Structure formats: C-alpha cells, structure tokens
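K.L.:
The primary structure of each chain is shown beneath.
Protein chains: 2
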Amino acid sequence: MRILILGAAAGGGFPQWNCACSTCAAFWRGQEGVTARTQSSIAVTADDENWVVFNASPDLREQIIAHPQMHPRPERGLRDSPIASVVLTNGDLDHVAGLLSLREKHPLGLYMTGGIADVLDANPVFTALDPAFVTRNRIALDAAFEPVPGVSVRLFAVPGKVPLYMEGETVETQLVGEQTVGAEITGGGKRAMYIPGCAAVLDDLKARIAGADLLMFDGTLWTDDEMQREGVGQKTGARMGHMSVSGAHGTMATFAQTDIARRVLVHLNNTNPLLLPHSAQRAEAEAGGWEVAFDGMELSL
Amino acid sequence: MRILILGAAAGGGFPQWNCACSTCAAFWRGQEGVTARTQSSIAVTADDENWVVFNASPDLREQIIAHPQMHPRPERGLRDSPIASVVLTNGDLDHVAGLLSLREKHPLGLYMTGGIADVLDANPVFTALDPAFVTRNRIALDAAFEPVPGVSVRLFAVPGKVPLYMEGETVETQLVGEQTVGAEITGGGKRAMYIPGCAAVLDDLKARIAGADLLMFDGTLWTDDEMQREGVGQKTGARMGHMSVSGAHGTMATFAQTDIARRVLVHLNNTNPLLLPHSAQRAEAEAGGWEVAFDGMELSL
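If you read the sequences in order, they're chains A and B. Anchor point for the first sequence: position 18 equals 18 in the numbering used here, and the numbering is continuous, going up by one each time. Anchor point for the second sequence: position 109 equals 1109 in the numbering used here, and the numbering is continuous, going up by one each time.
Take these hints with a grain of salt, some might be off.
[As the list claims (entries may be wrong)] Cβ-Cβ distance ranges computed for the label pairs, FRET-style:
| # | chain 1 | residue 1 | chain 2 | residue 2 | range |
| --- | --- | --- | --- | --- | --- |
| 1 | B | P1149 | A | D48 | 50 to 58 Å |
| 2 | B | D1203 | A | A25 | 47 to 55 Å |
| 3 | A | F156 | B | F1133 | 30 to 38 Å |
| 4 | A | D48 | B | L1202 | 50 to 58 Å |
| 5 | A | P74 | B | H1278 | 16 to 24 Å |
| 6 | A | R229 | B | T1135 | 48 to 56 Å |
| 7 | A | T35 | B | A1283 | 54 to 62 Å |
| 8 | A | E49 | B | T1135 | 45 to 53 Å |
| 9 | B | P1131 | A | F133 | 31 to 39 Å |
| 10 | B | H1278 | A | A144 | 46 to 54 Å |
| 11 | A | D121 | B | G1289 | 21 to 29 Å |
[Unchecked claim] Chain A side only, calculated, beta carbon under 7 Å to chain B, not exhaustive:
| # | residue |
| --- | --- |
| 12 | G30 |
| 13 | E32 |
| 14 | S81 |
| 15 | F294 |
| 16 | M297 |
Quick caveat, the hints were computed from the structure, so don't treat them as lab data. Being a predicted model, the structure only gives us computed values, none of them experimental. Idealized CB from N, CA, C, for every residue including glycine.
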C-alpha cells in the first residue's frame, strides 16, 4: 500500500485565514521552515492506479492540483481521475466540504456510516454530487468493504461528537457511535490505522490498534488548553472531541507501551507548536517515536 | 476603488480536477504560459483596509493565503481579517461553498437577495457561520447598501437560473429575479459593474451598464456549444445560464457599441480557449477591447 498525506492540518488549515496566533504568525511573516498545511485528508492505493481518499477536505481541489498522483491521465480519456472512492470518518466540515469539489458527473463510490450519511442527506447542497454518478454507500460499523482493488477497510466507532454545525443545546463529547469513526486499512499484508479525530482511547481501542504497521492519529492539539493559552478561543480539546498529544492522559503516554511500527500525527490544529519544526514540542514528539505529518508525505507499507 | 481578482475561473476552476480537455491538458502537461485560475471571486476596497468579497469561492482559503492583501494583520490582534463582508450574486457552488471557509467565529456581514438567502437557509451546513458573528442581510433588488466604508453596491436582476443543485424537473434558463444578479459597485466617483453570470443582455441591462468605468462580465464560454465540441459534456451555455463571448449574439457583439471604459472577462470555464494566452480567440478578444482576467489581477479606478 502507498499512503499519501493530502492535508495534514485540522479544520481551518494552517495557517487559518483569520488567525495571528504564534504559529500562524510564524507562517504569515515567512519564518524559515514553517510550511503551510491544508486540511485533513489522506489518499491510499494498492495498485498505483485507483486511489481511495479518506475525508474530502475543503482544500481538495488544491490538493489534487498539488500532487501529480491525483491528476487525470489524458490517455484514459477526456474525463478521468485516479480518485475512485471517498471514505468519510466524520461529518465535520474539514472532512466533507471537499465533496463539493468532486462534482461534474464523475463516477465515485462514497462510503460512510449511516450517521454521517444522514448529515449529508440533510443538506441539499450535496446533491451537487449527482446520484446517477456518485453512490452513497452506508457502511455498518466493523464491516469490511473494498473501496479500491486491494485495499480493505473497516470503520469502527471512536469517542467523539457530532459535527459543530449539527450541535444542539447540549453536546456529548465522548459519544461512541456512528458520528466519529476510525478506519482500519489493510492491503498487501499490512495494516494501517487512520484515526484523525478521537476524544479518548479506551482499552478496546488500544487493543485494536496494537500490532499495526502504521498509526495515523489525531494530533489536533499539543495541550488541552492550547487555544486558551494562545488567546484565540475558550474551547478545550475535550470540548472539541480531541484528546491532546502531550500530558499524562495524552496520545504519547497512552500508546507508549503499545506495539506500533510507525506513528504519525495528523489533523494538526493551527495553534499546535508541533507545526514549528524547531519547537521543543516537536523534539519531544520525535524523541517519543512520533512523526508529524506534512502535505505530500508518502508512507509505503 | 481597488479591485482584486481572487479567482478568474468558473465553477470547477482551471484546471478542473477530472478534466483532460484541450485547455486542461495544456495545463496538466505544463505548457508555457498556461496558468491555473481558481474559482470565481473578486475583492473590493475603497480604503485599503476593509475589503468586500463578491462571491465566496470554494478556493477562498487558498485565495486568501495567495494574496497578502487578504492576510490577517497581526498588529490588530490575534484574530483579524481585511475581509469585512461578502456579497453573493447567485447561489451556485462556485460562489457560496467558500462561505464554509469563513467560519471560526469571525464577524462578517453577508449580503444577498432573499432568493439566495433561502438557498443558504435550506442547508444546515451553512450554520457553520455562527449567526452570533455573521449577519445574513437580505437585500432588495436595486436598493443601495454599503458593505464596506466608501463602497456602495446595488444588486440588480439579470437573466439566469437557479443553482444546479436546486434544479427541478424543468429549468427556466432565463429567469429574471432574485436568483441571479449583477452588482453595481460605486466608490470614489467611479462605477464598476460585476456580472459573472448572465444568460442574455436585454436593452435595459445594456442601458444600465453604459457609461461604466469598468465592466467585469461573464466570460464562461467562448462558444455556446464549446463543451460539446470538446467532448466533455452535452450542456450548452444557454442551458447553463451563460451567454457566450463570441458570435452574433455574444458578449463582444452585444457591447461593441456601448460606452464602457474598461472590459474584463471573468468566470472562465476550463474549456474556454481564452485561457490559452496564445490562442486565436484570445487575440480576437483583445483586439475587440476585452481583457481576460487572471488570479491576482488588480484593477484601480
């Protein structure tokens, strides 16, 4: 399998359009080594011909143009794309708005839980994906499906919440169901786990991940109160449905003793100091065996 | 007034993600002088501090990062943007999907006709624009409003149709009402007309445009049957609600005798040969007094 990180940032991307927090400011002033990251998406193939995209980021059109692997192949006709299917892991805008860039009567398989399909169904704007060309497949949790030849996927519930734009008066931030899922991706005898959003890791989830050849995990925030510290918001990671990378209950500590061959942090929020390549936090993460994803990163299994 | 073309292409942009028509193919193979164009949007300011964006393209985040005029100004605090308001001229995806990139609790004034507001209201996904921060102003046709200091705008009906994703069984392609509008933009004693989509020009519209200092007009297609000729679709310009640039009833012929100081074609479809800087069609348009918009083009009045 080949995995291409199309976008390594969380919702809003890095930099965020209206933000001058310390990490965004480093980008805006052109600090050396600080590179932009588009919003959260990966692409996977087993045959170098058919790719499945996990999560359709608002930046998908830009991501397609930026990566030759995603370009149409003129020898295959006037309309073509290596993107054969899309899998969604939640209904957040940074994961679904890019569906609106996959219009133009192009055949696609779309795979998601019923809970996420309901969110799309509630918005007529997504009928821009003509049902005559785009099949919306409702996938049961823990059922295997093959979105492209040679790649098998299983979606499983992880603690999370409904999309921000579907929140009601009260919000359950560690809901376990169809609203937030991870994806187990297997092909060529290898197994990758893709979990861009996760509010907590319980024992069953840890057991499921153990032994993976690759874990791509929620790297949204370094610390739970990072947005407050930066002065750009009141919300904690816990409120947003994301556990933090550092700390006694963070991602690094949680998986410290788990057997995982390669560990990559994805879905990085614009406030996360891991975005700065020379930060102390980046050094700490790397010393702990974690890599920080960037746009265009390729992972071969 | 200063006008910045944020995106000069029609829906899908140039190149279009899945297209290998002759113009897209020229881009994909890296032909010299063929430059990408993002989807349809302009920004206008009278004070170089507050900008109004006309149409929020799906590429808006990329457009903001690409143009320093649109960057946040760190001296104004941790959250800032020169974009103070957005005006919509129709509900097409290439004009509204970018609203989803203007989230993050940022104060904005949103201006549109009631007909377009109804389209947004029908899609819960747009509640991502928190009503506590984003005011949806329903603007009557022909009523003047001031979206940023020193810039006065008047929306007026032009022949067009409802957005593709709202089409029913039958489609009126020359509907005159609140679904498709042009914008008269005045400031500093100058008058610009912005009409990115227009199915036909009747005498009243021509009279309204006459005497303008600048006309930015629907340059979607060079010929009405261009998509058929390229083999990438059956739809004509007429069916899509766009008159063509060339031909006896095209834009160039229509305005040949009209008093307009500067003429710029915007909203170019990926199939339009005007995108190729050395094409015969480009030469013909320029000989006729028309410029072809590109991303980053600045127009000062």
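K.L.:
Of the hints given before, which are not true for this structure?
P.N.:
6, 7, 11, 12, 13, 15, 16
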